[in-house]
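Novice: Protein chains in written order, with the working numbering: chain A, 1 to 321; chain L, 1001 to 1297.
The reader is advised that the hints may include incorrect statements.
The list that follows gives simulated cross-link-like pairs (lysine-lysine, DSSO-like), each with its CA atoms no further than 30 Å apart [to be verified]:
id, chain 1, residue 1, chain 2, residue 2
1, A, Lys311, A, Lys12
2, L, Lys1029, A, Lys150
3, A, Lys12, L, Lys1186
Quick list of simulated restraints, FRET-style, between CB atoms [said to hold, decoys possible]:
id, chain 1, residue 1, chain 2, residue 2, range
4, L, Glu1129, A, Gly217, 42 to 50 Å
5, L, Thr1035, A, Gly20, 51 to 59 Å
6, A, Ser44, L, Pro1142, 47 to 55 Å
7, A, Pro282, L, Phe1123, 31 to 39 Å
8, A, Asp187, L, Glu1129, 40 to 48 Å
9, L, Val1127, A, Gly217, 46 to 54 Å
10, L, Glu1129, A, Ile271, 42 to 50 Å
11, L, Val1111, A, Ser220, 50 to 58 Å
12, L, Val1111, A, Asp76, 39 to 47 Å
13, A, His61, L, Thr1140, 23 to 31 Å
14, A, Ser81, L, Leu1036, 50 to 58 Å
Just so you know, the hints here were simulated from the structure itself, not pulled from any lab data.
Predicted, not measured: the structure shown is a model, and the values here were computed from it.
Just so you know, even glycine gets a beta-carbon here, dropped at the ideal spot from N, CA and C.
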Amino acid sequence: MSESLLNVNDLKTYYYLAEGVVKAVDRVNLKIGYGEALGLVGESGCGKSTLGFSVMRLIRHPGRIVGGEVFFEGEDLLKKSEAEMRNIRGGRIAMIFQNPMSSMNPVYTVENQIAEAIKLHQEIPKDGIKGKVVDILDKVGIPSPEERMKDYPHEYSGGMLQRAMIAMALSCNPELLIADEPTTNLDVTIQAQILELMKILRKEFGASILLIGHDLGVISELSDKVAVMYAGKVVEYSDLTGVFEKTKHPYTQALFESVPRLDVETERLHIIRGTVPRLINPPSGCRFHPRCDHAMKICSEQEPPLFKIGKKHEVACFLYR
Amino acid sequence: MSNPLSAKSEDKDKIYKPSRATRLFLVWKKLRRSTLAVAGFGIVLVVAIAALLAPVIAPYDIDWTGSSRRPPSMEHWFGTDARGRDMFSLILYGARISLYVGIAAVSLELVIGLAIGMISGYFGGVVDEVLMRITDVILTLPELPLLIVAVAMFAVRSIHVIILVMGVVGWPFMARVVRSEFLSLKESTYVEAAKSMGASSWRIIFRHIMPNILSTIIVIGTMDIPWYIFYEATLTFLGFGDPSSPSWGVLLEKGYLYLGSQWWMITFPGLALLFTSLGFNLFGDGLRDALDVTMRR
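Sequences and hints are given; from them, build the entire structure.
Specialist: Now the structure itself:
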């Protein structure tokens, strides 16, 4: 047994397209401790969702995990058989998705779908399942769950469906919850409610969380640690204050400058010049150097490793050599 | 409720919940909005009743013979045929065979098309490639000559041979549709979510994807029934039929000889065929709209 629940080592997930190989996740290392919440931030297309799906081993063709290790409680998930993985999925690692409106099968009631998840992983007598569904729906704040669980997904609102999805994910007491932008498609008040709910449930269920997102505000609400991803690489990794207050990597700094602020009057929003590079042919050396204000000669020549600059703070940038 | 986030509006949420039987009623209610769909349903119902209750409704036994080639009258609504049998009774009994042919052939098409489309669409890869090329080959060949050649290869003239051949020739379209539905639904978030909850491939295919394409399958199946009835009639008319099963095709084939003088012998079986086909098509069209679960609101 290792000291962390999830330990991702040198993970590589590539997509094999006709135009070339997209290195969506390229030698990524991550750790999530017991009961810890890790926020994974990055722009769209930087590989953060791919990383989440890789942990679940749900990468679809033409994608493939080509290397690395994913230790979950000391066991390498990449060496498990498909049948073993099915037991882990939903039972020990669960996932919630970006779009709650399409995450439930339209032809079954909410009760039916949560009951299915419970039946897949737990040996519970038939008459006990219904009570369990009511219980879990009540915990996530569905009003009069005994009635509403008989509804079809299209009879729920987006926020309620996300609650139901969380209920389904937590129904089997998973040790790790992967939340792939769980609030992106919800409006702001609902977003706050869902985050609040996740905070409460985190305490109650004690599950570790991998929170994937691009919204720095959302990430800061829930995470203990933050990893910043850029073009398939982790560029900065630290506890919450490290990333949010002692931001080191030029990319992370630029990200924070791009957040619209109400307290400072500015003419225009700050933007990061250029675009995220196409991962088929990424820039040499540090992948951020063409867009970086502090780029040096070495940046285009060598890839920066993660430099340890504080007790829990690592940055992949030559500025901190 | 212990949770501080729980909404308090419990009473307001006690809304009307339809049971399974009521849901079937709701489909009917939606179907009723379209006059054409109701007309189609009516025709299908009439044909089905005629087929089921032929021995009860028919005024004469099929073996009964009277004076031949009588024009329509009060005793013989649709006249009599060359052997003096009552045309109306013959058409009622013919409905049994024609309907059986249509339903049996569609069932066969469903089994083959569903299996091939589902394997092709869900698993993809080389299997998909091979299955789809076979499908293409069958689709490229013209249907009627293919059916004639296939039926002619069998030594026995039997209605079952015709059904078998039609089902085997007719599945590619169904397979294509099922495949494309599988291709798009296997990428859907709820399939992804089901996988993330630990569902196996078979569970996803049968529990999560199949029910979602059921309405499409029902609609295609309904619309294909007259297609098979027509092809059986065509084959019979061209002399490849089963003379021992007096389907509408057999009646047409015999009535054709008297086209110039005794018009009723070919007209009434022809009309029966026409209306049945029309009925199934209108009904199928109506079902397409009525069965859409997500549109029920």
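Novice: Against each hint, give a clear statement of whether it holds in the structure.
Specialist: Against the structure, the hints:
no., hint, result
1, A:Lys311 x A:Lys12, "27 Å, holds"
2, L:Lys1029 x A:Lys150, "22 Å, holds"
3, A:Lys12 x L:Lys1186, "25 Å, holds"
4, L:Glu1129 x A:Gly217: 42 to 50 Å, "48 Å, holds"
5, L:Thr1035 x A:Gly20: 51 to 59 Å, "57 Å, holds"
6, A:Ser44 x L:Pro1142: 47 to 55 Å, "50 Å, holds"
7, A:Pro282 x L:Phe1123: 31 to 39 Å, "33 Å, holds"
8, A:Asp187 x L:Glu1129: 40 to 48 Å, "45 Å, holds"
9, L:Val1127 x A:Gly217: 46 to 54 Å, "47 Å, holds"
10, L:Glu1129 x A:Ile271: 42 to 50 Å, "46 Å, holds"
11, L:Val1111 x A:Ser220: 50 to 58 Å, "56 Å, holds"
12, L:Val1111 x A:Asp76: 39 to 47 Å, "43 Å, holds"
13, A:His61 x L:Thr1140: 23 to 31 Å, "28 Å, holds"
14, A:Ser81 x L:Leu1036: 50 to 58 Å, "54 Å, holds"
In summary, the structure agrees with every hint in the numbered list given earlier.
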